[in-house]
Amino acid sequence: MRNKASEGRIKLELPASSINEGFARVFAAAFAARLDPTIEEMADIKTAVSEAVTNAIVHAYPNGAGVIYISARIINGDTVEFVIRDKGEGILNVKQAMEPMYTTGGEDRSGMGFTIMQSFMDKVSVTSHLGKGTRVRLCKRISPRAAGGKK
Amino acid sequence: MRVEYQTCANGGRLSLAGELDHHAAGAAMRRIQSLLGEHQPGHLELDMQRVGFMDSSGIALMLNAQKIQKQIGGTLRVTKLSPQVKKVVYSVGLQKMIDIEE
Chain A
1 MRNKASEGRI
11 KLELPASSIN
21 EGFARVFAAA
31 FAARLDPTIE
41 EMADIKTAVS
51 EAVTNAIVHA
61 YPNGAGVIYI
71 SARIINGDTV
81 EFVIRDKGEG
91 ILNVKQAMEP
101 MYTTGGEDRS
111 GMGFTIMQSF
121 MDKVSVTSHL
131 GKGTRVRLCK
141 RISPRAAGGK
151 K
Chain B
1 MRVEYQTCAN
11 GGRLSLAGEL
21 DHHAAGAAMR
31 RIQSLLGEHQ
41 PGHLELDMQR
51 VGFMDSSGIA
61 LMLNAQKIQK
71 QIGGTLRVTK
81 LSPQVKKVVY
91 SVGLQKMIDI
101 EE
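Order-wise, the sequence lines are chains A and B. The first sequence lines up with residues 1 to 151 when you count with the working numbering. The second sequence lines up with residues 1 to 102 when you count with the working numbering.
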């Protein structure tokens, strides 16, 4: 049973270190569990949030130290929204950064992070200011299950 | 992430275990590079059975493994993908570039 979702926003601050990528995924999954998602929806959310957090670690703070701010809330009673924010270097050209295969991260990175976010979430929006940081907003509607558990 | 190598009849099998994200990928790739350099398998199976989670870091790892195999004249097939891993692979069209088990 879904409660009336007026619980507000949950905020998390993470040091921008790769060890915290797993924690960010678990946080996102635990939050999304409120809407009783399927295993696939849960995996989609974990994957997209992992990509956004990894981007902040790799690109926003190339010298290591920095903080990533994640907030989560439920909108319209059926949609999870995650905002992943950093106060890092910012992206010069957001449109270019979101193109498939585009990366400044060398051969360890595929350039597919935004492509995955876009294909796994319903809405992805990115705003960035050079020298100030980047904000990625990810939304996904969780389809309600019929009585009996099946969707 | 654990990386294990086994010699097989026609080459070798690399089994990965754990979550394949950016945190794990760097060390895993260095280990794969040294294992492939050492064993030079003709055919390599990359066994994903025990990978519970993968993001785009895994895409880069698969492409790099394929690149190494090509350089040493070998082939690569990625096998036993979980539904989550498969969805990531197909969402970027990687099945057009790498031999992926259905």
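Keep in mind that the hints are not guaranteed to be accurate.
To be verified - Partial chain A-side listing against chain B, Cβ under 10 Å, derived:
1) Ser17
2) Gly22
3) Ala48
4) Met112
5) Phe120
6) Asp122
7) Ser125
8) Ser128
9) Gly131
10) Lys132
Keep in mind the hints are simulated off the structure, nothing from the lab. All residues carry an ideal CB built from backbone N, CA and C; glycine is no exception.
### Message
Run through the hints listed earlier and report the numbers of any the structure violates, in increasing order.
### Response
6, 7, 8, 9, 10
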